[in-house]
Structure formats: structure tokens, C-alpha cells
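A.B. asks: Between the sequences and the hints, there should be enough to build the whole structure, so can you do that?
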Amino acid sequence: MATGQLNSSVTELGGKFVLDLSVSSSSGANNNITTAAGSVFLIEIDNEANAADVYIKIVDTTQANPGDSTLNGSGTPVFTFKAPSFTKISYVIPSGLVLSSGISVFCSTSTSVGSTSDPTKPVILKMICS
Numbered sequence: 001m002a003t004g005q006l007n008s009s010v011t012e013l014g015g016k017f018v019l020d021l022s023v024s025s026s027s028g029a030n031n032n033i034t035t036a037a038g039s040v041f042l043i044e045i046d047n048e049a050n051a052a053d054v055y056i057k058i059v060d061t062t063q064a065n066p067g068d069s070t071l072n073g074s075g076t077p078v079f080t081f082k083a084p085s086f087t088k089i090s091y092v093i094p095s096g097l098v099l100s101s102g103i104s105v106f107c108s109t110s111t112s113v114g115s116t117s118d119p120t121k122p123v124i125l126k127m128i129c130s
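Numbering (the working numbering), first residue to last: 1 to 130.
Honestly, I wouldn't trust all of these hints.
As the list claims (entries may be wrong) - Below, computed lysine-lysine pairings styled on DSS-like, alpha-carbon distance capped at 27 angstroms:
hint	residue 1	residue 2
1	126	82
2	121	88
3	88	126
4	121	82
As the list claims (entries may be wrong) - Restraint-style ranges between C-beta atoms, simulated for each label pair:
hint	residue 1	residue 2	range
5	110	48	28 to 34 angstroms
6	49	112	21 to 27 angstroms
7	100	121	32 to 38 angstroms
8	100	52	29 to 35 angstroms
9	86	111	24 to 30 angstroms
10	117	78	17 to 23 angstroms
Since the hints were derived computationally from the structure, they do not count as laboratory data.
Glycine included, each C-beta is placed from N, C-alpha and C at the ideal position.
C.D. replies: Quick look at the structure:
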């Protein structure tokens, strides 16, 4: 499983955070990216560099553990978004995905809970959150 590295910026746009992450092939999750509970309004996944589909998994917690395969454990995503190989795709959620504890994200090439399969090349993830 891959972790997100904040490599660009976290800026505020009309009360919303714009997060620009490069998801690399190191272990772990990008935990608590908004430092509090929040909502996700837009997700853009750039998987143009990979020959395999990738899945961005969002966990409603401040500390995700992608390798935890326990049902409803710290690695169980509440939302999963697919980016097919060699594509860039956006998901717009006008009312927002509400996460009450925190927003943690990670990336995998498998839909299985507990999977730690990494993409071959970095995936660029952009999110607009509150």
C-alpha cells in the first residue's frame, strides 16, 4: 500500500482545503490530512503513469493502518475510488462525504481490505476538503 506525501501545498480556498498529494510506494497511510473531522467535496486521481488500476481508500479516522484486514478495523475504508490504468479521473461530491473523526487516505492496486499492494509509479491525488 502506498502513502501520501504532501509535496505541493495545502491551501485554503473559500473555507475549503485544497490538498495536493503524491502517492508513492512507501508503507503507511497519509493520516489525518485535515487535522480534524471534515468533508470531501472533490477527488482527482491522476493514474496516467500506471498500467494497473489503483484505488484511493478513505478511512474515517486520525490513524489508519492499511494492512489491518479486520472487519471495520483501522484499514477498512469507508469510501473507495477507482482510477483505471493510464487515466486521470475526478469525482465530485456536491454535498460532501462527511467524516466525523478524521480524513486518512492511502492507495492500493487491490480492492481487498488489508491489501498492501503498491502502484508501480506515483499517483497524484488532489482533494478539496473542509
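A.B. asks: Confirm or reject each hint.
C.D. replies: Now the hints, each set against the structure:
1. 126 with 82: Measuring from Cα to Cα gives roughly 14 angstroms; hence the hint holds.
2. 121 with 88: Holds: residue 121 and residue 88 sit about 14 angstroms apart, inside 27 angstroms.
3. 88 with 126: Distance of about 11 angstroms is within 27 angstroms: holds.
4. 121 with 82: Distance of about 16 angstroms is within 27 angstroms: holds.
5. 110 with 48: 28 to 34 angstroms: 20 angstroms, violated
6. 49 with 112: 21 to 27 angstroms: 23 angstroms, holds
7. 100 with 121: 32 to 38 angstroms: 34 angstroms, holds
8. 100 with 52: 29 to 35 angstroms: 32 angstroms, holds
9. 86 with 111: 24 to 30 angstroms: 19 angstroms, violated
10. 117 with 78: 17 to 23 angstroms: Given about 20 angstroms between the Cβ atoms, the range holds.
Against the hints set out earlier in the document, violations occur for numbers 5, 9.
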